[in-house]
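My numbering puts the first residue of the sequence shown at 7, with every later residue one more than the last.
Please keep in mind that the hints were generated in silico from the structure rather than gathered at the bench.
Just so you know, not all the hints are guaranteed correct.
[What the hints assert, rightly or not] Lysine to any residue pairs mimicking SDA-like chemistry, simulated, CA-CA at most 25 Å apart:
#, residue 1, residue 2
1, K108, A64
2, K16, Y105
3, K92, S57
4, K92, A34
5, K16, G94
6, K92, N10
7, K16, T72
8, K92, F118
9, K91, K108
10, K91, D36
11, K108, G82
[To be verified] Between beta-carbon pairs, the in silico distance windows are:
#, residue 1, residue 2, range
12, G94, S9, 36 to 44 Å
13, G94, A11, 30 to 38 Å
14, L111, K91, 17 to 25 Å
15, K91, K120, 12 to 20 Å
16, A11, D93, 15 to 23 Å
17, T66, G110, 27 to 35 Å
18, A28, H100, 36 to 44 Å
Please read these numbers as outputs of a predicted model, since none were measured by experiment.
For every residue, glycine included, the Cβ atom is placed at its ideal position computed from N, Cα and C.
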Amino acid sequence: MTSNAEITQKFTAAQNARDADAIAALLAEDARFESARLPIAADGRADVTQSLVDWLDAHTDYELKTIREFYAGDEGYNEWRFTAKKDGEPIETHGVDYYRFKDGLIVEKNSFRKFLF
């Protein structure tokens, strides 16, 4: 059985690789993603995957790096740092994602972030 920590580690690796199929494989069919940029939200595996890929495609030279994680039961928190270029300018964001898991898949991802200048 895959642990929730392993699921989010694979999810981070899939995003860093911009691997839409690997991202989708870790999401439940009824997954929900709430972006830090409200009111942006996506429902369902296909829409969540597309939302994440669109966000990655808006950046170049990106890296999503996990700082620390915490898991309890079917919930988890993942603190991260994202560095990239957007429109040729370097950016860095720092945030936390709340995850809820069911049957070895992500059913909810809710992102909170701040920009670092």
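Do the hints match the structure? See the list:
1. K108 <-> A64: violated, 30 Å
2. K16 <-> Y105: holds, 14 Å
3. K92 <-> S57: Holds, because 17 Å separates the two Cα atoms, which is no more than 25 Å.
4. K92 <-> A34: Given pair K92, A34 is violated - Cα atoms ~30 Å apart, limit 25 Å.
5. K16 <-> G94: Violated. K16 to G94 sits at ~28 Å, over the 25 Å cutoff.
6. K92 <-> N10: Not satisfied, since the Cα-Cα distance of roughly 31 Å exceeds 25 Å.
7. K16 <-> T72: Holds, because 11 Å separates the two Cα atoms, which is no more than 25 Å.
8. K92 <-> F118: The given pair, whose Cα atoms are some 19 Å apart, holds under the 25 Å limit.
9. K91 <-> K108: Roughly 34 Å separates the two Cα atoms, so the pair is violated.
10. K91 <-> D36: violated, 32 Å
11. K108 <-> G82: holds, 12 Å
12. G94 <-> S9: 36 to 44 Å: Since the Cβ atoms of G94 and S9 sit about 39 Å apart, the hinted range of 36 to 44 Å holds.
13. G94 <-> A11: 30 to 38 Å: This hint holds: roughly 35 Å between Cβ atoms.
14. L111 <-> K91: 17 to 25 Å: At roughly 32 Å between Cβ atoms, K91 and L111 fall outside 17 to 25 Å, so the hint is violated.
15. K91 <-> K120: 12 to 20 Å: holds, 19 Å
16. A11 <-> D93: 15 to 23 Å: Since the Cβ atoms of A11 and D93 sit about 34 Å apart, the hinted range of 15 to 23 Å is violated.
17. T66 <-> G110: 27 to 35 Å: holds, 32 Å
18. A28 <-> H100: 36 to 44 Å: violated, 24 Å
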